[in-house]
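**Q** So for the sequence shown, UniProt numbering puts the first residue at 1; every next one is plus one.
Derived from the structure by calculation, the hints contain no laboratory data. Check each hint, because a few of them may be wrong.
As the list claims (entries may be wrong) - No more than 25 Å apart at the CA atoms, straight line, and that leaves these computed lysine to any residue pairs for SDA-like:
hint, residue 1, residue 2
1, 266, 225
2, 83, 106
3, 83, 193
4, 200, 217
5, 200, 257
6, 223, 129
7, 196, 237
8, 223, 193
9, 299, 83
10, 267, 190
The structure presented is a predicted model; accordingly, all values stated were derived computationally and were not measured.
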Amino acid sequence: MHFFTSSLDAPNSALAGSLKPISKDSIWYADAPFGVCQEVLLSEGVAPDFIEPVVKLQSFVESWDFDLTDPLTLSRFLLGDPKNLQEAQQRLSESCAWRKRTDLANLMRRWGVPSPEGWRWQPQSPRAQQIARFFFGRVLPEARTAQNGPVLVLRLGAFDIEGAVREELVEDILEPWIFMVEQVFQLLRHISSQSKRPVKLACVVDMEGVSFAWLQHLQVMQKFSAAINRNYPEMAATLTVLRAPSIFTWIWSLAAPVLLEEMTRKKVAILGHDFSAQLAEHAQLSLEQLPAFLGGRGKEVPKPLPVPPGIQNQLPPRDVCAEGKPEVGRSQAPAPAQAKAPRVEGAWWRRLFSGSPCCGCVT
1 MHFFTSSLDA PNSALAGSLK PISKDSIWYA DAPFGVCQEV LLSEGVAPDF IEPVVKLQSF
61 VESWDFDLTD PLTLSRFLLG DPKNLQEAQQ RLSESCAWRK RTDLANLMRR WGVPSPEGWR
121 WQPQSPRAQQ IARFFFGRVL PEARTAQNGP VLVLRLGAFD IEGAVREELV EDILEPWIFM
181 VEQVFQLLRH ISSQSKRPVK LACVVDMEGV SFAWLQHLQV MQKFSAAINR NYPEMAATLT
241 VLRAPSIFTW IWSLAAPVLL EEMTRKKVAI LGHDFSAQLA EHAQLSLEQL PAFLGGRGKE
301 VPKPLPVPPG IQNQLPPRDV CAEGKPEVGR SQAPAPAQAK APRVEGAWWR RLFSGSPCCG
361 CVT
């Protein structure tokens, strides 16, 4: 019998279904001694009260074509509460189905290249290279919070949402959004694996230029939030909104309940133009790490260009995914939720819950 897991150190670990056999040094190896399971999981950074649900989640996904099976990543699906096992199983099922439905492996290849940490932004397909001009975010490669979390910067206020709707480019711009979120999620996994603790990111959102179009096209923004709300749990430590005009507070009061889950809304701070001190306090992030347009010295995040009329007819044709399917979001029937994997006898993590309890776990 062979068991499989993803390798956080392999460049292709971000590809859905990119799996490799478990080594004998892995904590998931089938012959791991029962008596050391708690000690090993603790050494990997799993909190003591999360050991039992994490082991049960590994058993739940053991035969899936799914690569998010390391213990710290599985613990994120518990949403900070070890009692959330059923919710975690549901979210894992939805995430597995979503990753297959979006053909994530091909999407990542269109928008980037593998790197030791997972992926690097570098649009590959001709259409992606054109669409990138209108996209509004980047992962800052060098920036880190005081907790060693990566930093994501969104120039959302400058995003031409009306132009994207008018030219029917919403699905196209959704692709780099998914790439960027998967990129930073894989970076989080890499840093967490090295740090032996779950690390979270800081998201900085520049809202200068935001208009009422946000409310007029709220359904479009829902598409972007829906891609991450349930598929990428417990990613953000903070979400800091900068240079927000006075009107934004009112817009946010209407939009936030629709766009973000409650646990994420609690992490939001809305700041004006004089934000340096509050940024450091809220996000544990120094101003100098931000791009120059925000007063820092970090890597620049290009301002998204306005979407010109008629651009749709000037773009290269859309790529076709594996098996002749259209790109993400293009007339695809929703896939059913991933069913629970059949039980495979002999896995060591299942035997923890039968017979004599191990590491304080109960049947």
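**Q** Each hint: holds or not?
**A** Tested hints:
{"no.": "1", "hint": "266 to 225", "in the structure": "holds, 16 Å"}
{"no.": "2", "hint": "83 to 106", "in the structure": "violated, 35 Å"}
{"no.": "3", "hint": "83 to 193", "in the structure": "holds, 24 Å"}
{"no.": "4", "hint": "200 to 217", "in the structure": "violated, 30 Å"}
{"no.": "5", "hint": "200 to 257", "in the structure": "holds, 22 Å"}
{"no.": "6", "hint": "223 to 129", "in the structure": "holds, 22 Å"}
{"no.": "7", "hint": "196 to 237", "in the structure": "holds, 17 Å"}
{"no.": "8", "hint": "223 to 193", "in the structure": "violated, 31 Å"}
{"no.": "9", "hint": "299 to 83", "in the structure": "violated, 41 Å"}
{"no.": "10", "hint": "267 to 190", "in the structure": "holds, 23 Å"}
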